[in-house]
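Student: Now for the letters of each chain:
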Amino acid sequence: MEQPVQLPLPMWRVQYQLLGGRRRMMAIVLVTTTLLIVGIIAIRRLMLRDPFPAVATRVLTLLTVIQVLVTVLGGANAVYRALLRDYQTKMNESHRLTPMSGIAVSVGYLFGSTMQITALFAVFTVVGAGVSLFARLPVGPWLLSNLILFNGAITIWAATVFSGMRLEKPFSPAPIIVGIAALTLPLCFVPGAALLLNIYSVLFAVWIMTGRMMVTSPAILLVAVVNVVFTIFWISAAARKYRRPDMPALNVCRGLILLVLALVTGMTGLSAFQRAGWTGPTSFSGPELAQGQWIATMIGSLILACVAIGGAVKCRVLVSNGAAPRDWSDRVPSLVAALVAAALICLLTAGLGVRVWRELVTPPAWGTEARAAFACAWLFTVAACFLALLTIRNVFELAYLRFKSGNMIVGLFVIVVWGLAPLADVIRAEYFRVGRDPAAYSWLLGCSPFGTISITWYGLDVVVWPGVLVQVTLLVLLACLARWSRRKLSFKRLTGGNPSPKRRRGINGRVP
Amino acid sequence: MTVLLTADNIRVEFGTLVAVRDVSFELSGGQLLGLVGPNGAGKTTLLRVLAGLHAPTRGAAHVMGEPVLGGHGTVRHHVGFSPETPPAYEELTIDQFLRFIASAYDLTVHEAEERIDFWLERLWLAERRDAPVKHLSRGMRQRLTLARTFLPQPHVILLDEPLAGLDPAGRIELRGVLGMLRNQGCAMIVSSHILADLEEVATHIVIIEHGSIIRFITTDALRHEHAERRTYRVITLDDRSDHARIIAAIDGVSDLSRDDRTYTFDYNAGEREAADLLRQLVTRNVPVLSFAVVTKSLEEVYLRSGVKQVD
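Here the protein sequences come in this chain order: X and D.
Sequential numbering of the first sequence, starting at 831, is according to the numbering used here.
Sequential numbering of the second sequence, starting at 272, is according to the numbering used here.
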């Protein structure tokens, strides 16, 4: 019988065994290496007239593309398939019965199910290095690009472990990441989101290979560190979810950590993005693009704050229903979560943002006037953040108290209530702009926090306060509704739905 | 006896459906609780909560004083749960699978080998040790799941329909194993629809319906329940129609039913009463071929408990 390679964790070992063990791995390595060598020889024969270094560069580019597909998508798929198999065979429950720690299980999935992908990655890297050496090309860029790609791939695998660590059928976030990347990156609107979603690893790998990026660029180190931080974050969240799948893994603490990470990486990314002078393949450029990125980063952080608030509300509802809390953080009131999230956004935009804003919009003339404009805009941002997050908190509370599908309802609320009014105004404004109407936008734009932020930071000539007033009214209305729901449910819980406060006797029997 | 398992006011809700309704009990070492009830009564949900696989909406389960959910990992060493659907990796062999389980429970190689040998032998799987799980029959898988559950030597064992899929010899063997573990001081809960098997090994019986415990009784108490009345079965030599009339006329006889030459009825309990009944039958010229006191079975108690099948 084949003796398995002694891997450090049982979960890691068994996932490797399930892939077929050492023999299958050796076979895959052998076949892939042979195919690659044969393919490279064939390409060389077809392009005999070209000098070998030119052929080698093309081969390496091709290898990079395959490497990206295999490592990122193939790896995420391998993790997803491992999680799906455990769900289908009910082995996910068997694991939960054992004393294996959440970290051990998560790391086991992360590295065990991707052993073949790792082996393939190693084969591609070695073959590519061989090609570079033969063609007398520098090996450094090839190795570095592969390293940064692998570093980024692990983060995506970790996110897949997190999303799949559930009692229901797991899903892979890789298509979502690719989808968001496809939407945001060509516009280059949200460099922070690109950092958060780990898209820069892939981009850097390709840029280093194609010579668009220097191997000494500090951005490489930044992205590598961000990847490691996010890998640790997703794995620890997955471990938490493994032990208590009933409670949200991203509760108030982790939600706020994610928000801070996103804000810091967002601001840093924005700064680096502008300093490097990168532009998107759109008609936007210069300050217009910078403003767009800045506003998108803030709106993105507002949406991301929903994770912390939603987690806090859900935990509180579950705990008040009688579920055992994991620790003190499950008892943090959602009001505190909303206030802290809003304060964090405001403080970080004020602290980090003032520097970024200086670089973005007014590099040469950061004078008293610009400072005052920044302060004014920042004050409106504070109002918008607090109003938005308190409103979101009430919507979450209403949703979880009554319907138990908070995320969906909040999503709908954000799209319908906050999205439609500004969208209608933008469409109306675009229509009037044909006639060069200076008062294209109306106060309707300010009815949503997204609109308020856009008005203040774009410096639009629109009165903000009517919109803010609408937001305050909405907040008060939702707060009253949430309070009414809370009282009604606590009354129902105490009385069992009956008007007389008679509690059911709970104890049915005890072993004599 | 030490209390090993405590269910404290456990309630599980799925939306508007209450699957387990404020259930509380304690189980000590050496006790085996038979959990019976109709389909959908909440047995499996209750077992899953006790095993820490499902979070209760309210209440908590404790094993040896530690909460099952959210407590330290050490509690996992003490709980064994065998679900109705056997979980296993299809691609692994029995030996590989059990070795993985042993390593997940931090057993040393020596301990693992010793225990795997023992349980494979005991559950008649030794000959199939190197067979892949995917080639096993339903019964074999059930045995493998049991071996997986018993391997870490848990103090609290929860078995959901362990007898399903086992052949008669396997059922007898499992009854023996359960008896052995009970005598070793394990606290066990066994959910099963095969009541005859449960009756043999259980020390306590719980009947659960709509998530609530409607009967909680020791098997000894069950046997002596309604001690003033007993069911008797009499088989006569011939099938004359007036035998039923004669038996019904005896003072104290009730619930008489007839099936060919077999008459079943209730009469006063006690040895003297039984002898008196037999004497009356003989003196009234009933040709008695067989006379027996019917012991009330768990099935009978279950059916008389008024449990309705869930639609």
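There may be inaccurate statements among the hints.
Derived list of chain X stretches under chain D, where covered just means 3 residues or more per stretch with a C-beta under 8 Å from a C-beta of chain D [stated by the list, open to error]:
#1 921 to 928
#2 1173 to 1181
#3 1280 to 1293
Derived EDC-like pairs (lysine to aspartate or glutamate); straight-line CA-CA distance at most 20 Å [claimed, not checked]:
#4 X:K920 <-> D:D526
#5 X:K920 <-> D:D366
#6 D:K405 <-> X:E1260
#7 D:K405 <-> D:E444
#8 X:K999 <-> D:E361
Listing some non-contacts, in silico: residues in chain D with all C-beta distances to chain X over 12 Å [as the list claims (entries may be wrong)]:
#9 P338
#10 S353
#11 I372
#12 L549
These aren't lab readings, by the way, just hints derived from the structure by calculation.
Cβ atoms here follow ideal geometry from the backbone N, Cα and C, with glycine treated the same way.
Student: Each hint needs a verdict: does it hold in this structure or not?
Tutor: Hint-by-hint comparison with the structure:
1. 921 to 928: n = 7 at 8 Å, threshold three: holds.
2. 1173 to 1181: Our answer is that it is violated, as 0 residues pass the Cβ test (under 8 Å) against chain D, missing three.
3. 1280 to 1293: With 0 residues closer than 8 Å to chain D, the region 1280 to 1293 of chain X misses the three-residue bar; violated.
4. X:K920 <-> D:D526: Given pair X:K920, D:D526 is violated - Cα atoms ~49 Å apart, limit 20 Å.
5. X:K920 <-> D:D366: 19 Å, holds
6. D:K405 <-> X:E1260: With a Cα-Cα distance of about 64 Å, the restraint between D:K405 and X:E1260 is violated, given a limit of 20 Å.
7. D:K405 <-> D:E444: At roughly 24 Å apart (the allowed maximum being 20 Å), D:E444 and D:K405 break the hint.
8. X:K999 <-> D:E361: 19 Å, holds
9. P338: 6 Å, violated
10. S353: 10 Å, violated
11. I372: 7 Å, violated
12. L549: 36 Å, holds
In this structure, the hints that do not hold are numbers 2, 3, 4, 6, 7, 9, 10 and 11, in rising order.
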